[in-house]
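The opening position of the sequence shown corresponds to residue 1 in full-length UniProt numbering, with each subsequent residue numbered one higher.
Hints were generated in silico from the structure; no laboratory data involved.
Simulated restraints, written as ranges between beta carbons of each label pair:
no., residue 1, residue 2, range
1, R184, K140, 16 to 26 Å
2, S23, D265, 13 to 23 Å
3, K140, R183, 18 to 28 Å
4, I90, T133, 33 to 43 Å
5, E172, G93, 32 to 42 Å
6, K196, M66, 18 to 28 Å
7, S52, I90, 15 to 25 Å
8, D88, S23, 14 to 24 Å
9, K140, R271, 33 to 43 Å
10, Q180, T75, 20 to 30 Å
Calculated lysine to any residue pairs in the SDA-like style (CA-CA distance at most 20 Å, straight line):
no., residue 1, residue 2
11, K196, G222
12, K196, V138
13, K196, R72
The C-beta atom is built at its ideal place from N, Cα and C for all residues, glycine as well.
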Amino acid sequence: MAKLTDEFVPTTLGRLHVLRRGSGPATILWHSLFIDSRSWLPVIDALGELASDRTVVAIDGPSHGMSDPTTRDFTFDECAQAAADVLDGIGIGEPVDWVGNAWGGHIGILLAATQPHRIRTLTTIGTPVPGLTMRFRVTKGWPLVALYRLAGPTQFVCSRLSDALMGQDASEEVIDAFRQADRRGMYHAMRSMMLKRPSLQDRLPHIGAPTLMLAAHDDDEGWPLHEAEAACATMHNARADAVLGGGRVAPLLVDARVVAQTLVDFWAAPRH
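Turn these sequences into a full structure, and let the hints steer you where they fit.
Next up, the structure:
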């Protein structure tokens, strides 16, 4: 199995760190907010066995992993453009199979809606389409961001995030990405990508690429299957399915091989 290589690609949001392996049709992975590309490693390993004829690229988002920290708030549209900058920077000109976990799914939706020539297929995993509710902002979001700004990645903050992202399937290695993040950069990311997250429902009818929305089986509060199915019903060519896990990131950890096989089957399906 080919080794993962590291690259740093200049974008409109600073240099983004990229893990890359293999050659052939390109799969692009973008992780959830708060963590980094390490969350994809079980899926990358499974894809290495099931789809060894592919290029797999995992991007660390702005202020995450080894990518440059941002010094200001930024937008989802800027993230989508940064993703396009990465594709151009590493020489991928053909349409890609985009796979986004939570935040990464939001970026994929925007890219598919605004730059459709770049996306062959779109898969989202644990990606809520509606914007953040005011109730969540007031009762959970704002207090969490304020506490992080004052005290950093305390055990209380990390525990709250771990519960939301992974439920009972918590992984210290994955949440370490949050602990190790640049504090100022992560603060701006939390403000921009969580508190200011817009609804993307109006973008869905504009997506022509075949789309698969995967929901964690036990993520009833975050993004349950019935909501994913309702979102798919507004699209031209989309379907929803469930994978194991109790949080938005959990499927990558506890059901990685099934996720990988589901992706391979989806990519191979006849296109009309």
